[in-house]
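Residue numbers (my numbering), protein chains in the order written: chain A, -15 to 226; chain B, 863 to 1099; chain C, 9 to 298; chain D, 9 to 393; chain E, 73 to 426.
What the hints contain is simulated information worked out from the structure, not anything from laboratory work.
Treat each hint with caution, since some may be false.
[To be verified] Below, simulated DMTMM-like cross-link-like pairs (lysine to aspartate or glutamate); rule was C-alpha separation at most 25 Å, straight line:
hint, chain 1, residue 1, chain 2, residue 2
1, B, 881, C, 99
2, D, 308, D, 103
3, E, 232, D, 370
4, D, 13, D, 324
5, B, 881, A, 105
6, D, 13, D, 103
7, D, 199, C, 10
8, D, 79, E, 263
9, B, 1075, A, 114
Fair warning: this is a prediction, and the values are worked out from it, not measured in the lab.
Residue strings, one per chain:
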Amino acid sequence: MAILETRALNKRFGGLHVTNNVDLALEPGEVHCLIGPNGAGKSTLFRLVLGEHLPSSGQILFDGEDITAFKPFQRIRRGMSVKFQVPGIFKALSVRQNLEIAMQHHYEPAHLVAEIGRLLDFLKLAPDADRLAGNLSHGQKQWLEIGMAVSLKPKLLLLDEPTAGMSPEETHATGEMVQRLNADGMTVLAVEHDMAFVRQVAQKVTVLHLGQVFAQGTVDEIVADERVAAIYLGQVAETAHA
Amino acid sequence: MRKEVLLSTLGLRAGYGGKPVLQGLDIEVRESEIVAVIGRNGVGKSTLMKSLIGLIPATQGSIVYQGKAVERLAAHRRARLGLGYVPQGRDVFPRLTVGENIAVGGMRAGGVSEADRERVLSYFPILRERWNQRAGTMSGGQQQQLAIGRVLVANPSLILLDEPSEGIQPNIVQDIARIMVELNRATGTTIVLVEQNIDMIRAMAQRCYVLDKGRIVAELERDALADGEAMRRHLAV
Amino acid sequence: MDVGTLAFSALYQFGDAFAFLVLSACGLAVIFGMMGVINLAHGEFIMCGAYVTVSAAHAGLPLPLAILLGALVAALVGALVEIVVIRHLYERPLDTIVATWGLSLIATQGTLILLGSTMAGVGTPFGSFQVGGYSYSLYRVVLFVAALVVLAALYALFNWTRFGVMARATIQVPHMAAALGVDTRRVYTLTFALGAGLAGLAGGLYAPTMTLVPTMGTTFIMEAFVTVVVGGADVFLGTAPAAAVLAVVKATMTSLYGQLFGQIGLLLAVIIVIRVLPRGLSGFLLRERA
Amino acid sequence: ADPIKLGVLEDQSGDFAAATIGKVHAIQLAAEEINKAGGIDGRPLELVIYDTQSDNTRYQEFMRRVLQRDKVDAVFAGFSSASREAYRPIVDQLDGFAFYNNQYEGGVCDAHMIVTGAVPEQQFSTLIPWMMEKYGKKVYTLAADYNFGQISAEWVRNIVKEHGGEMVGEDFIPLGVSQFSQNIQNIQKAKPDFVVTLLVGTAQASYYEQAAAANVGLPMASSVNVGQGYEHKRFKPPSLKDMYVTTNYIEEVDSPQSKAFYDKFKAKFPNEPYVNQEAENSYLAVYLYKQMVERAKSTKREDIRKVIAQGDVCMDAPEGKVCIDPKSQHMSHTIYLAHVNADHSIDFPKVWQDIKPYWLGEAGCDLTKSNPNAQYTPSNPPPKP
Amino acid sequence: MNATFRFFSRLEGPQTLGRGPLFWLGFLVVLAGACAYPLFSDGYTVGNTVYFFTWVFMALGLSLIWGYGGALSFGQTAFFGIAGYSYGVLTINFGAAYGFTLVALVLAVLFAALFAVLLGYFLYFGRISGVFLGIVTLSVTLVLERFMAQTAGPEWHIGKARLNGFNGMSAMPPLTLPWPGGDLVLFPDVELYYVVLALMVVVYLGLRILVNSPFGNVLVAIRENPERAEMLGYDIRKYQLGAFVIGAMLAGLSGVLYTSWGQYITPSSMGMTAAALPIVWVAVGGRSDLTTTLVGTLVVLSVFQALTIHGSQYALVVMGVLLVLTVLLAPQGLAFAFARLIARPFRSRKTGDV
Ligand SMILES: Nc1ncnc2c1ncn2[C@@H]1O[C@H](COP(=O)(O)OP(=O)(O)OP(=O)(O)O)[C@@H](O)[C@H]1O
Ligand SMILES: Nc1ncnc2c1ncn2[C@@H]1O[C@H](COP(=O)(O)OP(=O)(O)OP(=O)(O)O)[C@@H](O)[C@H]1O
Ligand SMILES: NC(N)=O
Ligand SMILES: [Mg+2]
Ligand SMILES: [Mg+2]
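Just chain A, same shape as in the assembly (with noise of 0.2 Å):
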């Protein structure tokens, strides 16, 4: 059974149509990146999926599960959690707080604290731990934000955009957590635009275009889809990090 499903979900704005009936499943454990042009509708399906907008029609399943009129928190209590687009931390609490206020009810007070200094060596913020979060660079936000995210030990996990402004050596770095969080079991759902970070992560690769699923396969089918390279990625998209 999928884990998350989605159908025939739409979403308009107005007289755009930004979503256009999209069908799409997840099977547990996979990592499926989802890409496509700017304004393909991949933080609208995103929001859908979180609840943050309601779809103008269709359904969403979580684990077998209806969720299309779920409250946000009440879907997060089910085991998603996601990192959005422009980062949303706690700007004006310290960087361990931000964590704490995370985590708080996912661990056991004895243990809380060892977790938060576990998952700040992790996230390479130990030191700037009492600093506070809007004080951090961009790059630092997005792993905090991340940190957040992966900390409520979601069964999905939602990623939008987790690599923007980072380092290749950082986005490196990124994919290999996906891969080890996927390890353990973790089904990851990953809006990138770096194709690097596709081809380390993906097991599947959904194109998105004008709300519509495009596409559908294997990093190599994806990349090796002409159509897919005329819309979206352009000739030389690949040389660089293959």
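Starting from the known structure of chain A, fit chains B, C, D and E with the ligands onto it as the hints suggest.
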């Protein structure tokens, strides 16, 4: 023959409320050059850009633009001298329409001419399509295109680009690189580029500073840029 | 009583309420809508406009000029206040509540000390006219027209002029506006001065019809806030329809059940409108605009 | 000798300041005169003055302060009835002695209080029949929507009915309202012979200007305007034309005592915009206090009340002769009918001598026998024994 | 010993200023001073101090809603008034015997809570936020004021209790404590002082525990970024509602104490000026901390009163100037600015590197 220096800093120091980030930076950007600045996350690349445009004050050192010390000038004055700035994270005006965002971009030049607007819209056709959409409801990549277009309409003589490829689909990244290079060739517009995307750096930059912990730790000339491995090493310092 | 008389009187009452709501609110709306500053000294700018107008009229200036002078002086005071106080608070808009409350204390009590507890009025110009057995004050019609003119001028200013776009950009992302060459400080000062000047204009326009005391501004405050809130964040789209809706509510309730219910009706209308349209009427009008 | 201390709590700032700064000045004037003349029984009078800022909580704070910290012998306090009600429990609790020198809606039956202001039975039993006789029997009331306005309107209603008249309308206006277009229309529709305006506060006074601008042109009657807020001085003529007010004093009162008082007042406070009835009430209250203390040879409240109980505490005030009624501890007054002319000058078509504050006593308040510390109204009278 | 330590550790955290043995030593010294002070003072000063104390609860409640939860409630006085009137109605009808005044106190606070649940549900579940929340709450309190002001007529009564319009309701008994050998009537004097002081300490410590608990963490998170907080799985509306109701109960407690203190409650207690005052106290003190709110409220109240006593007609002008200067010169509040200077040895809260 070397062109004249358009922008230079000497011993530039800047930071946030008493916390120093830039630790005495000397850079030189010559007329009609495309210079890249690279470095890991948090080393101070964006801080450099912000202090060049004047969004944070220089605590020490000087910034000379067109032979004139500008480090004490307010941001809007520097903009009026011809500096354009595309920030990291886009910062479009969310409740203004696309068209109004473009109009604000042209403010320093006293208005947007028909020709400039058409030129920018031809670079980014989505902006024409969404002329009356509120910028805050555009997708991330669309906003990034708007942020770039908004600066280009005013024909700045120096553009500060902070990670312009962020969030942009691969083929448009290539387009942007191409547009910038063409612009540079055609009008002599000078560009300072902060990027993590090696392809883009290589496609655009003629020279490159490597930044670490608020200091310049290396300067790479054109040929060094060709060496992908070396570049990657520097980005991972 | 015939239908025409009835219709005219309903229209007159509506127009009267509408004018009061619009003129009370527009200064506050500009400052709140554009700058996010909740100006609790709004009433004192109104008082300032009224006092200047009346003093000038006593000194022999023709009333229309006196009113404009009132607006101008209020605008200048507003500019000064912006430069000395408000400018330093944009990062923390809620603190402006306290600061402007302090300013309002200074203004009311300062006026009391300097100019005494009351000021003699100038009398309402233009006399009255008769429709179907009722006589009406012609000046109230002038107020209604003034309200329409102010609305139209504001709309044009903010949507069709460079200043308007600049101001809105500055309010939304100030550092970016500056980086694009907008002199944000000047925009702030001018915007605040404009709001203060509009408040002064309201004071000047109503001065001939009211008691002049240092606390006179408070009688405008409730209507002003209610209108701004019902209008929502986009003041230029919101203020006019909000004032229209509220004027209907107020005029109807007042004529049916008296002034108390006119007032309570206004307040309840706010609560209901916000519940139904959490972002005000302008939020509603803009919702589907792509 | 030890001074006698008098606490003064009046609003010198805020909404009510226009009508009350003069009260403080009147008390200062009286105290200065008394001290020049050797004080009260040889003891100088010392004033402890606080600005209550038109704020009820300040009355509560400062009433405690004057009674407990400053240990004053008596307090002169309050303009609005709400402020009086705010401090009254504290006066009762701390067993103080307070003078309320203000015209009000009447009905306070409290042995800790002396009221020198006029009450509705004094102002309306004179005003309303006179108006009905002169202008006709159809009456419209426009009143402030709170205790003073509602209770006064009730008096008007009762008196109009007693005299065979008809109420053709009643509008109540919340305090602070300044816009009257609808009320003006209501009045025109009801076609009364005259309008009783019981409008309180500076905002509500805007009615006169607006009614004049709409050319309502009806005679008006009031117990509160002109005498308190000197609207005829503040608005441009002829907006108050044909307004009739019953008041126990205004500066236009044309008698030698009044002239003398007015001249002394203006000499000491040349910038005073107007000497209103509350200023006179406050002024006479100081002299009344002097007389009572001297007769009681004590400043203790119980001793003073024994003097009052004799029923002959009277004096010649600027308005004329006034006396304290022992049952209610309110005052009898000379009531002037002030008429505002088109040019806002005042004449007095009628003067009533020695009008008693009869209602409380008749209704059953008798402070010589018991002290209920309560406020009554015609529709909520004292329980019958 | 260990238990004591654990208790104190729950009182501390990143959400509150002041921690460590030194801070608590200072706290105990201040508390001891507060306990001893009536012995050296007169009835007026003690009664006046109680008067100041009565407002502190409303300020602490607003600090919780606004400073911690990020929702500016401009209508705390509505709860203040509801509880004050409820106390009046209950005690006028049922008297003060058998400690009923305490029952009335609890019931009155519960009425305020009930009203807050209704209003809060309407607000938060309707997703009203930002200044709109402020204006709706202000409107509510103004409606109550307008309505109560016109209840002068005899038809407006609840049981024996006349609402009595703008003039306000009086003649309710003060709080009484059942006491062996006759109830203790809590007039504004030493007895009331100790009762209110005890209440204040309990509320202060209780709120410290609350804001440093996971509940407090989430509240602060909502203030910073409600969307993110929701995306961490928190039903933010419930947390906001919780804080709102607690804040309302504290305002209600202030209302009851005030009503009992002066045996009087008036519609003006819910009016515009009254509604603005709590915001001033809290903002001047430093809204994002309980201690600064408490200290700031007491400072503002006493400074303003002192100014009114000694400042003659200039008092209000000086108050205005002080407010403006405070906002300009002490951006995080007066108490915070002082605390930063004085509390260094107490290892003040880490605020990052701004
Ligand atoms: N609230 C809205 N009102 C109108 N249009 C909207 C709204 N939100 C999104 N859109 C439009 O919907 C389309 C899809 O946006 P979305 O953010 O999902 O794109 P995306 O695939 O994530 O793109 P990107 O790669 O640039 O982030 C865009 O054209 C955008 O302009
Ligand atoms: N507003 C701020 N206040 C305080 N410190 C800040 C602020 N912005 C950035 N910093 C700090 O300054 C340092 C440099 O940040 P900067 O944004 O310049 O890095 P960057 O090189 O652009 O990184 P990235 O590649 O992640 O964008 C970092 O340590 C960051 O935490
Ligand atoms: N006592 C009065 N007029 O309120
Ligand atoms: Mg997106
Ligand atoms: Mg950066």
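The hints, checked one at a time:
1. A threshold of 25 Å between alpha carbons decides the hint, and for residue 881 of chain B with residue 99 of chain C the separation of about 20 Å falls inside it, so the pair holds.
2. With a C-alpha separation of about 11 Å, the suggested pairing of residue 308 of chain D with residue 103 of chain D holds against the 25 Å cut-off.
3. Distance restraint check for residue 232 of chain E and residue 370 of chain D: the Cα-Cα separation of roughly 24 Å lies within the 25 Å cut-off, and the hinted pair is therefore satisfied.
4. Taken as a hint, the residue 13 of chain D and residue 324 of chain D pair is honoured in the structure, with Cα atoms around 24 Å apart against an allowance of 25 Å.
5. Using a Cα cut-off of 25 Å, the hinted pair residue 881 of chain B and residue 105 of chain A holds, with the two alpha carbons roughly 23 Å apart.
6. A hinted pair counts as satisfied when its Cα atoms are at most 25 Å apart, and residue 13 of chain D with residue 103 of chain D qualifies at roughly 16 Å.
7. A distance of roughly 17 Å separates the Cα atoms of residue 199 of chain D and residue 10 of chain C; the hinted pair therefore holds under the 25 Å criterion.
8. Note on residue 79 of chain D and residue 263 of chain E: the hinted pairing holds, with a Cα-Cα distance of about 22 Å set against a maximum of 25 Å.
9. The suggested pairing of residue 1075 of chain B with residue 114 of chain A holds, with an alpha-carbon distance near 19 Å, which does not exceed 25 Å.
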